[in-house]
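**Student:** Those protein sequence lines, which keep their order, are chains A and B. Residues in the first sequence are numbered consecutively from 1, following our numbering. Residues in the second sequence are numbered consecutively from 1001, following our numbering.
Since the hints were derived computationally from the structure, they do not count as laboratory data. Positions of the beta carbon are idealized from the N, C-alpha and C atoms, including for glycine. It is possible that some hints are incorrect.
[As the list claims (entries may be wrong)] Each pair of labels, with its calculated beta carbon distance range:
{"#": "1", "chain 1": "B", "residue 1": "1036", "chain 2": "A", "residue 2": "415", "range": "44 to 50 Å"}
{"#": "2", "chain 1": "B", "residue 1": "1136", "chain 2": "A", "residue 2": "39", "range": "42 to 48 Å"}
{"#": "3", "chain 1": "A", "residue 1": "224", "chain 2": "B", "residue 2": "1125", "range": "46 to 52 Å"}
{"#": "4", "chain 1": "A", "residue 1": "418", "chain 2": "B", "residue 2": "1055", "range": "22 to 28 Å"}
{"#": "5", "chain 1": "B", "residue 1": "1170", "chain 2": "A", "residue 2": "120", "range": "57 to 63 Å"}
{"#": "6", "chain 1": "B", "residue 1": "1012", "chain 2": "A", "residue 2": "211", "range": "56 to 62 Å"}
{"#": "7", "chain 1": "B", "residue 1": "1107", "chain 2": "A", "residue 2": "224", "range": "40 to 46 Å"}
{"#": "8", "chain 1": "A", "residue 1": "389", "chain 2": "B", "residue 2": "1136", "range": "38 to 44 Å"}
{"#": "9", "chain 1": "A", "residue 1": "224", "chain 2": "B", "residue 2": "1067", "range": "20 to 26 Å"}
{"#": "10", "chain 1": "B", "residue 1": "1108", "chain 2": "A", "residue 2": "389", "range": "30 to 36 Å"}
[Said to hold, decoys possible] Just a sample of chain A residues kept apart from chain B, beta carbon distances all over 10 Å, derived:
{"#": "11", "residue": "55"}
{"#": "12", "residue": "323"}
{"#": "13", "residue": "325"}
{"#": "14", "residue": "365"}
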Amino acid sequence: MAGPEANVTAGPDSDGRAPMQGGINLAEVVKESAIAAGIAGLLSLPLLGLHAANVGAQLLLRTRWELFFAAVAVVFVGRFVLALFRDRRKRPSHGPSAFDRTLHVIHERMLVIGIVALVAAVILPFTEWGGDRYIIYTATTFLIYVMLGWGLNIVVGLAGLLDLGYVAFYAVGAYCYALIATHFGWSFWVVLPLSGLFAAFFGVILGFPVLRLRGDYLAIVTLGFGEIVRVILINWYDVTNGPDGIIGIPRITFFGIEFRRGEGTFADLFGLDFSALHVMVFLYFVILVLAVITNLFTQRMRKLPTGRAWEALREDEIACRSLGINPTNVKLSAFALGAMFGGFAGSFFSVRAGFISPESFTFIESAIILAIVVLGGMGSQLGVVIAAAFVVVMPEVFRQFEQYRMLMFGGAMVLIMVWRPRGLLAFRSPTILMHPKDGKKTIVLKKEGA
Amino acid sequence: MLEVRGVHTFYGQIEALKGVDISVEEGEIVTLIGSNGAGKTTLLMTICGNPRASRGQVLFEGEDITQVPTHHLVERGIAQSPEGRRIFSRMTVMENLQMGALRTGAAHFDKDLDMVFDLFPRLKERRDQRGGTLSGGEQQMLAIARALMSRPRLLLLDEPSLGLAPMVVRQIFDVIREINRSEGMTVFLVEQNAFHALKLAHRAYVMVNGRITLAGTGAELLANPEIRAAYLEGGH
Ligand SMILES: Nc1ncnc2c1ncn2[C@@H]1O[C@H](COP(=O)(O)OP(=O)(O)OP(=O)(O)O)[C@@H](O)[C@H]1O
Ligand SMILES: [Mg+2]
């Protein structure tokens, strides 16, 4: 960011940025924008300005100057606005911004917000929108990501272990159900806990070799682990059916009662007319319950010694040891429990889809889940919900823009990070507060915030 | 109570401790002084098994703890306030104290809390504040208080006066004297601030280049011309 304006008129805060005294240096800002636009021009000349077109058997070079100039102009204006905004921001702030104040209110009312959101989620299928299959389907997808976000939050947000291969546990859970159900015909309700346990076991397997690693190194190894699992799924043809995936995975049942037409089925027993929507709504509630369990579990853990130790370990390993915390156990438990929820979500994914293949478990999935955790503000439970809504719903909203929707999605993500570099709701609320007013010590366990 | 016998510690090829012998008796305050890089922190960390001594022995209450994992030492009654304080900066003062009580102090939490708040009234005022936003002196108080919450019998302190104003240094040293006197706590104190440390300590060791070069009572070392020249002149 340190553009050519640096140090030209730098005041006492010569940190390589434009000075804040004397308002905005217009000439510098224009110059900076022009340079940015020039670079954009160089880049977009071959990318946008020139265009190879097939005309019959011929390959012709076409020019698209409108597009080219539009790109340059956008960069110029964007850079200009950004520079103004940046300089303005450097003035001393007068108290917290409106957003921060709102955030504060949110944190104070976390329990209420949580309950309202939960009630809204429960009644959604019974409202007008509940009849819309697309809405129920998207809401279910959204809840899968919320659950994955909360699961990964244990590892990344609380324990501070950067895991880029979280999708591996999701895949383990998914294949666990798919394989057991297709081969042995076990019900989803039996396999669900198994797949969680199995994924947790994989979490420990990953945990052992990376015990000594932190930060970048840990990220690389976990990234590799995620890829290894995917490559095994592709190549172990006898078991996983390779890239073709597994089809015909048995559908979910209402605790043994099937969702079909005919006698003894769900619709029959409950005296309803058969509708394909029933199973979708049921799936929606299953993932809602699973996600809520994940949330409550995490909140509970934060107040227990193990959860405390996760957070402490994130901050200082040496201090932890001197206080009697065994870093090995703490890290393994974070990996195992995070993985377990990934496994639950995975087996849900496969029972919903009825078909899985390694393609569903690529690195981009890990990246999206991590983005949810980071965008939400590490460790923030509500932040995960908002970020998941953003990540799942945004691309759907922009669906009509077709090929540009990922671009808009990416752009929006960049903007959020510029605006709130530490995540939307970056705020760790203490798990314990004392009331200083009354003389006696009453330890008030505070509802976990965000 | 604590005995270090002929301990050698290596960082790769570098021999940081070259055969160190010290002992700390129950109820004593013993200080270790020495210039930068002498190996003081290394000795404290070696007592805690991180890094481990490559030769020699560390005995605590007669038992060999040389190979005991670091995180088991709290249960045996050793607490450390490590160099650089290392408090949990995103956690509140209360939560930091809770972490201290996690393994061994949970049953007496309220009582111990009263005790450390009596010792450090400042912490009481700031109990809901995040550790990272405390001042340096308050952070040091918190580090000591956190170590005390585990109800140790031996307290290891690494440069508690580092970077603190003289007033605060005096305050902290008063507290060390106080817990030694009233609780009978044994303290092994590593210090740069030789004047205060020697005045406080019953006995003292001087470390140079990974070796103990001098030992004696605090008063003896304070009077020693060599010590005066090396560690006391120009300051205080
Ligand atoms: N992790 C490490 N790796 C390699 N060398 C180390 C390591 N830690 C310490 N040393 C070296 O060991 C020697 C002793 O260091 P130590 O930290 O014990 O000194 P100290 O007496 O505590 O000094 P100070 O008063 O400055 O804290 C120094 O030469 C130091 O460079
Ligand atoms: Mg040191």
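**Student:** Quick one: which hint numbers does this structure break? Sort them smallest to largest.
**Tutor:** Of the numbered hints, 4, 6, 9, 10, 12 and 13 do not hold.
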